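Construct the entire structure; sequences and hints are all you get.
Protein sequence lines, in the order shown, are assigned to chains A and B. Numbering-wise, the working numbering puts 131 at position 107 of the first sequence, and it's gapless, one number per residue. Numbering-wise, the working numbering puts 246 at position 222 of the second sequence, and it's gapless, one number per residue.
Heads up, some of the hints might be wrong.
With the Cβ distance kept under 8 Å, some of the chain B side facing chain A (calculated, not the full set) [to be verified]: (1) P80; (2) V81; (3) K233; (4) F355; (5) R360; (6) N363; (7) L394; (8) L398; (9) G407; (10) S411; (11) H417; (12) S418.
It is worth saying that the hints were derived from the structure and are not from the lab. None of these values were measured; they are calculated from a predicted model. Yeah, the Cβ is synthetic: ideal placement off N, Cα and C, and Gly gets one too.
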Amino acid sequence: MNTTQLERECLTYTQYLIGQMPSPYVVNRYLDFHQKLDTMTSLRFDAFDEFLVGVSARGAFWASMTDSYASVFRKDSVVRKKLVVTLALLECAAPSFEALDEVEVRSPMVTSISLAWRAAKYVFLLGSAAVVFTPVRVAMVFSWKPRAEPVLER
Amino acid sequence: MDTIVVIGSGASGVHFALTALRKGRRVLMLDVGHTASEAVRPTDSLNELKRNLPDPVDYFLGSRYESLILPGRTGEYYAFPPSKQHVFKHRPEFQHRASGFAPIYSFGAGGLAEAWTGGCYPFNDSDFKDFPFGYQELAPYYAKVAANIGITGTNDDLASVFPLHGGLMEPLDLDEHSAALLETYKLHREYLKEKFGCLMGRTRVAALKRDMGKRKQCSYCGRCLWGCPSGAFYTPSLTLDECRTYPTFQYVSGLYVDYFRMDGTSKVNCVVAHSANGQTHEFPASSLVLAAGPLCSAKIFLESIHRESGETPQLRGVMDNRQILMPFVNFRMLGRRWNPNSYQYHQVAIAVERGGNYLHGLVTTLKTALIHPLVQTLPFDLGTAISLFRNVHSALGMVNINLPDHRRDENYVTLDVNTTPHRLAIRYRPRPDEPKELKQTISTFRKILWKLGCFAPIRTVHIRPMGASVHYAGTFPMRDKPAPLTCTKYGRSHDVENLYFADGSTFPQLPAKNITLTLMANATRIAEEAF
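Pasting the structure below:
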């Protein structure tokens with residue numbers, strides 16, 4: 025298991041999800057999650073998964089690109105699972121849970137407009153992600169060879 | 025003094041036992057009895073817990089992340105929290121094979137109601153139609169149970185479907201979202217009643233508005249989902265603790281009851297159990313009360329009959345409430361703050377009477393539940409989904425709709441003797457017209473919610489599998505006239521003279537209302553009148 029890579033994932037995903045750095049506790053828990061074999065069995069990689077995880081860890085922007093793509097084309101992907109793990113850890117611990125619980129108090133109308141704007145941004149990002157990642161995926165489908173054993177560690 | 029042997033420490037067993045003890049009887053309770061760990065930092069609110077616990081992930085998700093929901097998992101929205109895992113901890117000796125049914129068992133001290141949501145809804149005469157008694161006969165026992173456990177409720181529109189029995193406390197403080205729903209209901213009350221036969225009002229819940237003995241009133245700490253730390257929220261283990269204060273009560277845990285043995289005159293004379301290390305224990309019994317829940321009680325009965333006679337009868341008529349979960353968004357609550365320091369289970373109930381059929385809806389306004397299981401289901405990337413969720417959090421709710429069930433011969437439990445150990449075999453088939461009924465029910469509730477200013481996205485509606493509601497009943501129905509595999513109105517078997525059923529086995533019909541209060545009241549009635 026590449027600890028540095030996992031730490032980078034946790035840091036990037038936390039910045040992407042709540043715009044903050046993770047606490048050392050969350051990072052440790054993220055590493056712990058990956059050490060537990062029974063949870064790792066649900067994180068089986070193929071080459072494209074590996075690619076998505078690698079790209080997503082480059083920074084918050086890339087995390088949002090890969091997540092947008094995965095939200096439609098790869099819902100159960102490893103990158104999506106890792107993001108959900110990060111979210112679950114953040115919502116259990118201080119101070120990150122406060123960022124998730126925070127609400128900007130506005131009228132229902134303003135809230136609706138703001139949400140519509142956010143959704144439009146998502147659609148744009150999804151389109152861009154599809155343009156970037158679909159060719160990579162197609163190329164990998166043609167070049168990928170199955171491994172004999174599921175990969176539990178990277 | 026003869027000893028009554030009671031098997032199981034769930035809601036039925038402990039209320040039977042407590043009543044028998046109060047009458048001066050000697051009670052021996054046999055139970056597997058997995059227990060919970062002590063409540064952590066009992067005076068902390070939920071958010072304080074997140075700040076103060078040295079390892080909050082261990083508490084909220086579990087040391088092996090057993091309460092974490094990852095993408096790709098099918099089934100329920102939520103996993104049970106780690107603090108309630110003991111309720112569902114298995115015993116390997118108990119095996120089952122099920123078709124059309126997804127049973128849930130508990131071998132925990134206090135039984136399945138250790139993880140219940142506290143709903144206490146008395147049946148009315150219509151709900152008792154197939155019972156050999158009516159509401160009036162059970163009303164004093166509803167009041168007794170209410171006085172024992174503490175039930176809140178009030179005289180509102182729902183009093184016409186939830187009879188007002190004695191012993192009710194004033195309701196808990198409403199959270200803002202529930203209050204908004206009731207306000208909107210008042211504006212449309214006549215229309216909703218006329219168009220859908222819909223009534224709304226406060227729930228009846230087993231949580232304390234006032235101190236009761238050593239139990240403190242609800243402090244609105246927001247920790248209900250992870251287990252009430254103050255005892256304000258009732259669970260049967262509290263009554264088990266009360267039973268233990270009687271010198272005539274003996275509680276033997278760690279035992280898995282295999283079967284009972286009979287003498288030549290069709291009377292139980294001994295109960296055979298074994299401990300985890302395989303050691304066999306025998307307990308003489310002058311009366312045996314099965315209160316292990318209909319499925320576990322059925323297993324003990326069937327195993328005993330098979331050992332005595334070689335027969336494997338089918339216990340026909342097993343029932344369960346079909347449940348529909350309907351998440352919704354209340355437009356009026358969008359963009360508001362939400363208060364984590366509030367009661368977390370149902371505070372508002374929706375009753376729908378349609379064509380003589382009663383449907384029972386319980387509204388939970390989502391507050392402190394973990395968000396990752398829901399956020400990942402939204403059709404966006406997680407960043408957008410979190411942003412959306414933050415703004416709709418205060419507006420989110422869920423209606424849990426219960427449908428009634430009736431005994432039908434094609435649904436049964438029996439013993440599969442072709443395996444070692446023998447397995448309980450369960451077969452359930454819904455009525456052929458159920459899909460139509462479910463469709464109508466979903467449509468009706470969506471329209472009701474729309475009138476209340478709420479939107480329920482159709483794709484998020486979840487029809488739970490049979491067995492998920494854990495309102496099992498009907499395997500040994502009460503009958504006035506003796507018939508094989510039935511019991512008297514006092515729960516006494518028509519087949520075995522000194523064998524009693526004090527759990528849901530005896531219910532000849534299953535109304536849509538949650539049955540736990542009636543289980544407790546009926547067990548109290550049986551102990552009071554038959555012993």
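A quick look at each hint next to the structure:
Contact between P80(B) and chain A, as hinted, is supported at the beta carbon level, the nearest pair being about 5 Å apart and thus within 8 Å. Interface hint status for V81(B): upheld, as the beta-carbon distance to the closest one in chain A is roughly 5 Å, under 8 Å. A least Cβ separation of about 27 Å between K233(B) and chain A goes past the 8 Å threshold, and the interface hint is therefore violated. Look at F355(B): its Cβ gets to within about 6 Å of chain A, closer than 8 Å, so that hint holds up.
For R360(B), the interface hint holds, since its Cβ comes within 8 Å of a Cβ in chain A; the closest pair sits about 6 Å apart. Checking N363(B) against chain A by beta carbon gives a least distance of about 11 Å; that is not within 8 Å, so the hint is violated. Checking L394(B) against chain A: minimum C-beta separation of about 6 Å stays under 8 Å; hint holds. For L398(B), the interface hint is violated, since its Cβ never comes within 8 Å of a Cβ in chain A; the closest pair sits about 11 Å apart.
Hint on G407(B) holds. Least Cβ distance to chain A is approximately 5 Å, under the 8 Å limit. Given the 8 Å rule on beta carbons, the hint for S411(B) holds: about 5 Å separates it from the nearest Cβ of chain A. Below 8 Å, beta-carbon pairs count as interface contacts, and H417(B) has one with chain A at about 7 Å; its hint therefore holds. Satisfaction of the interface hint for S418(B) is found here, the shortest Cβ-Cβ separation to chain A being roughly 7 Å, below the 8 Å cut-off.
The structure fails hints 3, 6, 8 (numbered hints given earlier, in ascending order).
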